[in-house]
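Chains as they are written, first to last, in the numbering used here: chain E, 1 to 402; chain L, 1001 to 1167.
Possibly wrong hints are sitting among the right ones.
Only part of the chain L face toward chain E is listed, based on derived beta-carbon distances under 7 Å [stated by the list, open to error]: (1) Gly-1064; (2) Ile-1066; (3) Ile-1071; (4) Phe-1072; (5) Val-1073.
Note that these hints are calculated values from the structure, not bench results. For clarity, every value in this text was computed on a predicted model and none was experimentally measured. Each residue gets a CB set at the ideal place from its N, CA and C atoms; glycine is no exception.
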Amino acid sequence: MNELLTRYAFLIVPVVKIAILVFIVLTVDAYLTWIERKVIAHIQSRWGPHRVGPHGLLQPLADGVKFVFKEDPMPANADKVAYFLAPFITLMLALTSLAVIPFGPQHFTVFGYRTGVGIADVNISLLVLFAITALAVYGVALAGWASNNKYSLLGGLRSSAQMISYELALTLSVVGVLLIAGDFSLRNIVDQQAGSGKGLLSWNVFPQIIGFVCFFIAAIAETNRVPFDLPEAESELVAGFHTEYASMKFAMFFIAEYTSMITVSCLATIMFFGGWLSPFPDSWTFTHYLPSLLMIPLGLWVFFDGVRYESMFGRMVLPVVGTVITAIGAGLIVFPAVNDAIQGIFWFLAKVFTFLFVYIWMRATLPRFRYDQLMSFGWKFLLPVSIANVVLTSVVILWRMH
Amino acid sequence: MSAELVIFFVLAGIAVFGAVNLIVQRHPIHSALSLIVVMVALAGLYLLMGAEFVAAVQIIVYGGAIMVLFIFVIMLLNAGEEERTNFSKLALYAGIPLAVAVTGLIAASMVGSKAAAALPAAAPDTLTSTRALSTLLFTEFVYPFELTSFLILVAILGAIVLAQREN
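Starting from the given sequences, assemble the full structure and let the hints guide the process.
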């Protein structure tokens, strides 16, 4: 048995990792909808979901049940193959793009198979990521076309035009980082940002601030989020490309959208914000206790909030959750080895969730672009600026070499 | 049969299926989708030969940008299903023998050369690094490379001139 495991470890380990990652990502997607609704609600002085479970925490579960049991009608004269294929393509590509992202610095050996935190460690991982995003437009475009509905078609058309326009800026905006790193591998790009242990000063965002701004704007456009969500502009196109989709197929578009938000946040973290590197200098070892310092107060707050929660269910569940969070936080102080091991993943997740918060924050703040504004912004501003950034970075690198 | 050979036959089969499907399908969108399948399968074949950069660029440029334009235009024109006509006599008497002859010629030359035996079995650890490729492109082949980019620039200018409305 053990021999068999060692022999096929190259097959078994990635499959297990994929299963774990998909489970985690789908859960995070579900709770991202809860966070989004809560954050937007509080920005707009509302309560947001609060009926299903304490603080509405079971709302994603209720949504999931609703999606599964809803009727799934198909529009008359729809193109059957493309109509079915579109949500699958969208979700598949969104999940595939996560495969090349490294989530932490560690390497470990399972059954004699050396592997890292993340599914595949490809040395052209950035190009693979762009290749997958390049294909992602077909899901949306096909969904719009296959629905046999003029609003859907307009959404699909807008989406493909938008993706073509912003993909150029997206690709060009990271060229500066590639010139600095001299490598396509995301892992090496992070390692190169470690510098000489000076913390956040050696991150790519400082020399590449123009590149970062271009990247983030173009990435929001690529993920079809506000203020670039013209493919599903509900005030003009009903719901754009997914007007005719219901039930689980609609949920697949939804999950794909949130997964690409996570991918883009991971990519921004890795390319410009040092990935799993701590923002503090290496000599500040006391910052290693930051995870505990955050988790213990959070756990205690959840506990005391839960004790006086209005519903019986909340009074039963929330104190337990609070105790668990506090215990994990305290456990990290007791076991320094575990604490050191999670530092990388802690910083990575902290940065990724900051970006996800910015996404939600923008949705609550910014109005949608007009279509001609979108096009002229992409072609006349974003593209020239990212080309100028490439030229500028190359000149500086060349100047430093001599 | 090595794993590389199995992957080669799977990818080659998908590519051929996509190419045949491209012609058989009557709706332009379905044909365009089949072409995307061919492009992606070809990228897989490049990867099998160790050309990782070419494989990624194949998907980004052909699978992504160019085919999106195809689909965009087909959707914009709202092209419907094509009518199937009877085969022309020329296709029947000249086309089919010619196709058989070309296929036979390629097969014969592949069987004859020793490179064919080594082709699918290219070990994945001999990946052509992107750095080596770019060094070659910007030193030895810099003139063909620059000329090609100049050609593309001329084509872009031509497209802009054609698209410009008279005013």
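Results of checking the hints against the structure:
Restraint check, Gly-1064(L) versus chain E: the minimum CB separation of about 3 Å is within 7 Å; hint holds. Interface hint at Ile-1066(L): violated, since its Cβ lies 10 Å from the closest Cβ of chain E, which is beyond the 7 Å cut-off. Interface restraint check for Ile-1071(L): the shortest CB-CB distance to chain E comes to about 6 Å, inside 7 Å, so the restraint holds. Satisfaction of the interface hint for Phe-1072(L) is found here, the shortest Cβ-Cβ separation to chain E being roughly 5 Å, below the 7 Å cut-off.
Interface restraint check for Val-1073(L): the shortest CB-CB distance to chain E comes to about 10 Å, outside 7 Å, so the restraint is violated.
Going through the hint list in order, the structure does not satisfy hints 2 and 5.
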